[in-house]
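Peer 1: Chain by chain, the residues run as shown.
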Amino acid sequence: MAVHTGRGIAAIEYPTGMNQNGDPSQAWIKVKPDGRIDVFAGTSDIGNGSKTIQSQIVAETIGVPYDWITYDNSNTDSSPVCTGTFASRATFVAGNAVLKAAAKVREKILEIAGKELEIDPADLEIVDGEVVAKGAPQKKIGVPDVAAAATWGHGELITGAGAQLKPFATIVDPETGRVDLPPHSAISYAGCAADVEVDDETGVVTVKHLWQCYDVGRAINPTLVEGQIEGGAMQGLGLGVLENCYPYYPSVEHRGSQFGSYLAPGMEQMPTIDTIIIENPSADGPYGAKGIGEMANNAQPPAIASAVFDAVGVWVTELPITPEKVLRALEAKAEPRRAGKLVVFDEEISVNAVSDGGIRFEVPA
Amino acid sequence: MKAVGARLPRYDGIAHVTGRTVFVDDVRVPGSLWVKALRSPVHHADITGLDTSQAEAMKGVHAVVTWKDVPLLEYGHLSALGIPADEPLLAKDNVRYKGQPIAVVAAEDEETAIAAVEAIDLDLSEKPALFDVRKAFDADAPVIHQWGNWYPHFEAEMDRRQIRKGDIDRAFDDADVIVQGVYRPAAIEHVPLETQSCQVVPEANGRLTIYSCTQALYFSLGVVASHLQLPLNKLKVVGGTVGGGFGGKVDTATETMCCLLARKSGRPMRWRWTREEEFLYSSTRAPWHMEIADAVTKDGWILGRKMLTLHDSGAYARFSPYGLTKHSFHHTGAYTIPNLSFDGYVVFTNRVPTTAMRGFGVTSVSFATETHMSRVAEVLDIDPWELRLKNANRIGDTSPNGITYTDPSTVPVVKALAEGMGVELSADLRAMSRDLREGDLLPQHLVGQLGNPEDH
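These protein sequence lines are chains A and B, in that order. With this note's numbering, letter number 298 in the first sequence gets 298, and the count goes up by one each step, no holes. With this note's numbering, letter number 413 in the second sequence gets 413, and the count goes up by one each step, no holes.
If you're looking for bench data, these hints aren't it; they were derived computationally from the structure. None of these values were measured; they are calculated from a predicted model. Possibly wrong hints are sitting among the right ones.
[Said to hold, decoys possible] Heads up, simulated DSBU-like pairs for lysine-lysine below, C-alpha to C-alpha not over 30 angstroms straight-line:
#1 K100/A - K140/A
#2 K134/A - K115/A
#3 K341/A - K325/A
#4 K115/A - K2/B
#5 K30/A - K208/A
#6 K2/B - K139/A
#7 K92/B - K234/B
#8 K68/B - K92/B
#9 K32/A - K104/A
#10 K236/B - K30/A
#11 K2/B - K30/A
#12 K104/A - K115/A
#13 K100/A - K2/B
#14 K100/A - K134/A
#15 K264/B - K68/B
#16 K32/A - K140/A
#17 K140/A - K30/A
#18 K264/B - K234/B
#19 K236/B - K100/A
#20 K68/B - K104/A
#21 K32/A - K68/B
#22 K127/B - K92/B
#23 K127/B - K68/B
#24 K264/B - K92/B
#25 K140/A - K2/B
#26 K104/A - K2/B
#27 K32/A - K115/A
#28 K30/A - K92/B
#29 K140/A - K208/A
#30 K134/A - K30/A
#31 K298/B - K341/A
#32 K104/A - K140/A
#33 K298/B - K333/A
#34 K139/A - K32/A
#35 K264/B - K298/B
#36 K104/A - K134/A
#37 K134/A - K2/B
#38 K100/A - K139/A
#39 K32/A - K2/B
#40 K30/A - K100/A
Kindly produce the complete structure, drawing on both the sequences and the hints.
Peer 2: Structure (structure tokens):
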């Protein structure tokens, strides 16, 4: 009886935006008389940080400090359409909508500033809340003064609206699944390595270390990206070794109905996590960003399953990898069936073994 | 000061960690009634009798709502994608999962609401249930859904999602080894700290204000408006700050029923699911059954993949046809496999309907295909890093549905991962890039699959 160590790796990809697209997000922005910015968008913040990310995109695009931004996603009367916070779409799709709205606001600020300074707006830029003449930084006017001039002098509202919609990608041939357009906004990539310990007496799998590498396109806010990746790692760990609504699936008996009877991961399971971020900008994401929110829990389960094999030589391919499953696998020590060039694992759980002929998985051989 | 790329503080972070953020359950509206649901006590039954008169006559009960009160009983959440409606807001003729709502009551206090639910007279004729997706296709399986045991409304009324690419038979003929395995990730709960909850207020101007924990304000607005057959200006959804969603709050679980109760009684409604309801009756991540056979060469090329997926949708379709389609589009993972034959079915069972959850449709296929990759490496006795880098998708390769990759990043992330954790890759592997294939990385079986990156 001993504790064995093992390592497994996985590489994954995940699309940004709804599959097949067709999922609009819209935003509108207005400027208060002192230059402070009100953003209205319908994107729910589910803890993913979309209020923060969209505020950063607006601040960057207009050229004003982050704390000038008020972000309002509170209701469907004042905020325009956002399809929703899912499909890893908030940063990319909704982010592009606020970016487009902010670009229009920036243009309007430059136009009014041009009148005030008597300079062609094309020769002006906005830096840290001030409109300055390119190459002549002594000629400038603060965005607050521009907004005041618009309100009290020119009788104008500085505002802008933006919308992002990638057209629906149609499946033109249902036999082959071919589509007429890329069925996503971007694809993100990640790799993960898991180091585990497996106790061959108790069957307990302990995830000791997760190494994770994500291509995020552009980290709009590195702290929030790391939060997504580390939080996702814990959810992936739960999928890999702990969580199950139906402990004896397909049976519906023994469902846990309280926190004490459902094994969600807690701080005591937290392994060492190392996060590596690379930035390979997306061609059309806001500032090159891609969505990575959801994929953050996809790479750990296969890395853990592979690490368990590396540690004790058994494949557990029904998640989660509980002590009971590890001990049963160690006891059975199942070898794949080999016939000619075929190497067949898991035959006892295949449809070929369980179905009464209603469905088969036939392999050309 | 640059805003993009900066570690700026979370917009609402201080409010969250000091407990001052207002979530739905923090909204207090005087005069609100308590809401409770009568739920199916069994997995599958015909409803042979439903009498709410006793409950309605109880002191302190202001409204009882059943299927009869819903202007549009069945609404398809993804009708825009051609996925028709199959699920009634409240059960009408039958119940298909334990916990399915049949009636909702609104009462002065929680005790009265619970007593009113118990006073509803419900007669059921129990029927055999189906739980194992592998048995759903058998001749003796109970038929549990109006469309049969699996979803029959994909394009061209196909009963499965298919992907076909290249010449699968030739790939398996040419293979040195065929590696076959089965992968079954579990159903899991979303486990939000904030259970499904809402507050609905009938306003003096005739509108309904819906305080909602939805992940999708406009999605929920559309769902409620459709069931109630109202224009969007009659409703106002208030929310945008969610106490944990992870996909489960794409469902509009409480809002529509509370709107019906509010309209019937003229009183504000408050419904917060108990922790037990959240665990047992809110939708889950789907369990999946996946079988993979890969046709591979001794030196580690994957020539072809055959795959069968059974997606356990639970009692109704909800978002499952969408999830399965997304799953099928990604069944080669981060790699290029030129010859494919994928069949996927959305299978109905008598469990709580499954829904979106972080990684929807792809979490399952990533687990299956990546564990399978590790198995292939082990069977072939090839370094798992090498197998992945060799088969990684590259610019100019094509996806399962024929789209040319312009921005693949498998090679960069795998190399950066190895470097970051101090794994020494061979010089050959270190020299790999995501660029267009040539030389040793363009073997004969991949020549025909290259696309033009300029096309997309």
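Peer 1: For the pair supplied as a hint, K68/B and K104/A, confirm whether the alpha-carbon distance does not exceed 30 angstroms.
Peer 2: Outside the cut-off at roughly 49 angstroms; violated.
Peer 1: What's the verdict on K30/A and K100/A, does the C-alpha distance respect the 30 angstroms limit or exceed it?
Peer 2: Given pair K30/A, K100/A holds - Cα atoms ~13 angstroms apart, limit 30 angstroms.
Peer 1: Does K139/A sit within 30 angstroms of K2/B, going by the straight-line distance between their CA atoms?
Peer 2: Answer holds: K2/B to K139/A is near 22 angstroms, not above 30 angstroms.
Peer 1: Check whether the Cα positions of K298/B and K341/A lie no farther apart than 30 angstroms.
Peer 2: This hinted pair holds, its Cα atoms lying about 11 angstroms apart.
Peer 1: Given the hinted pair K92/B and K234/B, is their alpha-carbon gap at most 30 angstroms?
Peer 2: Satisfied, since the Cα-Cα distance of roughly 27 angstroms is no more than 30 angstroms.
Peer 1: Given the hinted pair K100/A and K134/A, is their Cα-Cα distance within 30 angstroms?
Peer 2: holds, 23 angstroms
Peer 1: Does the alpha-carbon distance linking K100/A and K140/A stay inside the 30 angstroms limit?
Peer 2: holds, 25 angstroms
Peer 1: Mind checking the alpha carbons of K264/B and K298/B for me, to see if they're no more than 30 angstroms apart?
Peer 2: violated, 70 angstroms
Peer 1: K139/A and K32/A: Cα distance at most 30 angstroms?
Peer 2: OK: K139/A and K32/A at ~23 angstroms, within 30 angstroms.
Peer 1: Assess, step by step, whether the Cα of K115/A is no farther than 30 angstroms from the Cα of K2/B, and give holds or violated.
Peer 2: Status holds; Cα separation ~27 angstroms.
Peer 1: Does K298/B pair with K333/A here, judged by a C-alpha cut-off of 30 angstroms?
Peer 2: Holds, because 25 angstroms separates the two Cα atoms, which is no more than 30 angstroms.
Peer 1: Are K341/A and K325/A close enough, with their CA atoms no more than 30 angstroms apart?
Peer 2: holds, 29 angstroms
Violated hints for the displayed structure, listed by number in ascending order: 5, 20, 21, 28, 29 and 35.
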